[in-house]
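K.L.:
Next come the chains, spelled out residue by residue.
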Amino acid sequence: MRYFLSVLAALLMIFNGNAQETITYTAKIKGMSCNYCTNSVNKKFKKLPGISQLNIDLETGMLSFVLPKEKSFTIEEIEDKIKKTGYTPVWVKASEAEIGTKPVGKNMDESNGLITVSIFVKGNCGMCKDRIEEATTKVKGVKEANWDSETQQLKVVFNDKKTSLVAIEKKIASVGHDTEHEKAPDSVYNNLHGCCKYDREASMPAGKE
Amino acid sequence: MKNLIFILFLMVTSGAFAQGPPILVEKPIMLGQNRSELRLFYRNETRPNLKKYQSANFSYDIVGNQFWSIGVAGSYYMNSYINTYDVVNDKVEPFDGFGDLAINLKYQFLRKDYVGKTYRMLGKIKQTFPTGEYKNDPFIGNNEYETAISIVGGYESLKYGILHELGYNYSPTKEGRYIKFDLGFGLPLLKSKVPIRQINLYFEYQSKYHPYDEGPTHFDNFEAYYAQSIQFAAGVFTFEATYLWPLYRVHDGHFSKKEMFQIGSRMIL
Chain A
7 MRYFLSVLAA LLMIFNGNAQ ETITYTAKIK GMSCNYCTNS VNKKFKKLPG ISQLNIDLET
67 GMLSFVLPKE KSFTIEEIED KIKKTGYTPV WVKASEAEIG TKPVGKNMDE SNGLITVSIF
127 VKGNCGMCKD RIEEATTKVK GVKEANWDSE TQQLKVVFND KKTSLVAIEK KIASVGHDTE
187 HEKAPDSVYN NLHGCCKYDR EASMPAGKE
Chain B
13 MKNLIFILFL MVTSGAFAQG PPILVEKPIM LGQNRSELRL FYRNETRPNL KKYQSANFSY
73 DIVGNQFWSI GVAGSYYMNS YINTYDVVND KVEPFDGFGD LAINLKYQFL RKDYVGKTYR
133 MLGKIKQTFP TGEYKNDPFI GNNEYETAIS IVGGYESLKY GILHELGYNY SPTKEGRYIK
193 FDLGFGLPLL KSKVPIRQIN LYFEYQSKYH PYDEGPTHFD NFEAYYAQSI QFAAGVFTFE
253 ATYLWPLYRV HDGHFSKKEM FQIGSRMIL
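Sequences listed follow chains A and B, in order. Note that the first sequence covers residues 7 to 215 in the working numbering. Note that the second sequence covers residues 13 to 281 in the working numbering.
Next comes chain A alone, as it looks inside the complex:
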């Protein structure tokens, strides 16, 4: 038994040693209006060493790709690369998710196209939390949603082939909560419960639109 366990431990060590840590980048780009535009961005990014899962959605302006951790770039460097293609980055996010070769549990799902992104959503209380998370999980393709009332950050895990951050933010705004890029309709905001009426004039975090 001991022998078997030590062999298993050795195999796991070897396996973990081979597992490649990766970083998933997502970005929203303004100004792409034609296939030539996506081609420009695609051509720029596909040159990055080790890049995989490069995906550009012209309709939503969403760019996503995965890089090995040792060949990763800073957010500013990615923004600069987008600017050099002639388009405007709205935001760039990097989420460290080990989506390499680990064959267990959640990581398998992540290697199947799930990405984790944190976005700023305005709200106040527990009722807001329920409302935001319920609206988010109703979007097809969203696996998990967790909103923190203190930081006002919503951590959302979704399949970027089934939905987009734009669709998620629109859904959240439709139930009365302003997000980084979507403003809730006044009529919906006005109908929120008194304790849920957050400060609409409060500024978004630095660096956000």
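Keep in mind that the hints are not guaranteed to be accurate.
[To be verified] Some residues of chain B that are not near chain A, with every Cβ distance over 12 Å (derived):
1) I41
2) Y126
3) P184
4) K186
5) I208
6) S219
7) W257
[Unchecked claim] Once the Cα atoms are required to be at most 20 Å apart in a straight line, the calculated SDA-like pairs of lysine to any residue come out as:
8) K269(B) with Y54(B)
9) K171(B) with K90(A)
10) K90(A) with S48(B)
[What the hints assert, rightly or not] Label-pair distances were calculated between CB atoms; the ranges are:
11) T143(A) with K124(B): 23 to 29 Å
12) I81(A) with L202(B): 32 to 38 Å
13) K168(A) with L201(B): 24 to 30 Å
14) S58(A) with K64(B): 50 to 56 Å
Just so you know, these hints were derived from the structure itself, not from any lab. Using N, Cα and C, we set each Cβ at its ideal position, and we do this for glycine too.
The hints should help you fit chain B onto chain A, whose structure is shown.
P.N.:
Just chain B, lined up with the frame of chain A:
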């Protein structure tokens, strides 16, 4: 007719399609850093007095980034009938030769980007060099150093694109000076997808006003054309065909057109 209007309405109001670069009107979107475009096309042009010009043309962006670019354009005329009928020899002599060479400098000074749409404006200077074969009458080249300045603008969205160019061409000879205005409307027919497979229609208008030309009225110095184009875009390539005809052409200058057919392709490098 109602069906045609309905189909056009559906195309304009339906989902995200996205068009490619315009055919005759200048494009306002720069290609970005370390990218260039090579364009090759054949043009068959009929001009007044039985002149027929056939040319192989190229344009190439030598260097540029997201704000500016420098490009070169030239042409080679082949088997062109530019001389009037030779009565003595009972034939029309075809003519081959290089046309004028031009260098373009473009600088984008306005960019308003939104998700899925953009409005951009750029300034353009085109310097033409008299490298073309020149005969007294008629001729291929202008035999003059000409400078054209223009403002190019365009709104492009996933559903359609509207492009315009307003400029002035200066020539040492008064007859070569004119104001130009071009307008283009692009309409994609297929839904946008990757890899790129798109068919675009272009509806383009070109006009020139020659303030110094001789004519009984100013309208005699005005010429306007309409061009209908179709473009197929696949990956980094586009293939396009255009037919142009005059809407208004009293002016019978050397470069006014009776009709024009153009076919070609371009590649993003």
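K.L.:
Next, verify each hint and record whether it holds.
P.N.:
Right, here's what the structure says about each hint:
A beta-carbon of chain A comes within 12 Å of the beta-carbon of I41(B); the shortest separation is about 7 Å. Non-interface call for Y126(B) relative to chain A: violated, since the shortest CB-CB distance, roughly 6 Å, does not exceed 12 Å. Every CB of chain A is more than 12 Å from the CB of P184(B) (nearest about 36 Å), matching its label as outside the interface. Once the 12 Å rule is applied to beta carbons, K186(B) is consistent with being away from chain A; the minimum gap is 39 Å.
Distance check on I208(B): its Cβ comes as close as 4 Å (rounded) to a Cβ of chain A, failing to clear the 12 Å threshold; non-interface status is violated. Distance check on S219(B): its Cβ is at least 26 Å (rounded) from any Cβ of chain A, clearing the 12 Å threshold; non-interface status holds. Remark: the non-interface label on W257(B) is consistent with the geometry, its nearest Cβ contact in chain A lying 27 Å away (cut-off 12 Å). As the CA atoms of K269(B) and Y54(B) are separated by approximately 16 Å, the hinted pair is consistent with the 20 Å bound.
The suggested pairing of K171(B) with K90(A) is violated, with an alpha-carbon distance near 25 Å, which exceeds 20 Å. For the given pair, K90(A) sits about 13 Å from S48(B) by alpha-carbon distance, which is consistent with the 20 Å threshold. Separation of T143(A) from K124(B) is about 36 Å and departs from the stated range, judged on CB atoms against 23 to 29 Å. Distance hint check: the CB atoms of I81(A) and L202(B) are about 35 Å apart, consistent with the given range 32 to 38 Å.
About 27 Å separates the C-beta atoms of K168(A) and L201(B), a value consistent with the hinted range of 24 to 30 Å. Distance hint for S58(A) and K64(B): a CB-CB separation of about 55 Å, consistent with the stated range 50 to 56 Å.
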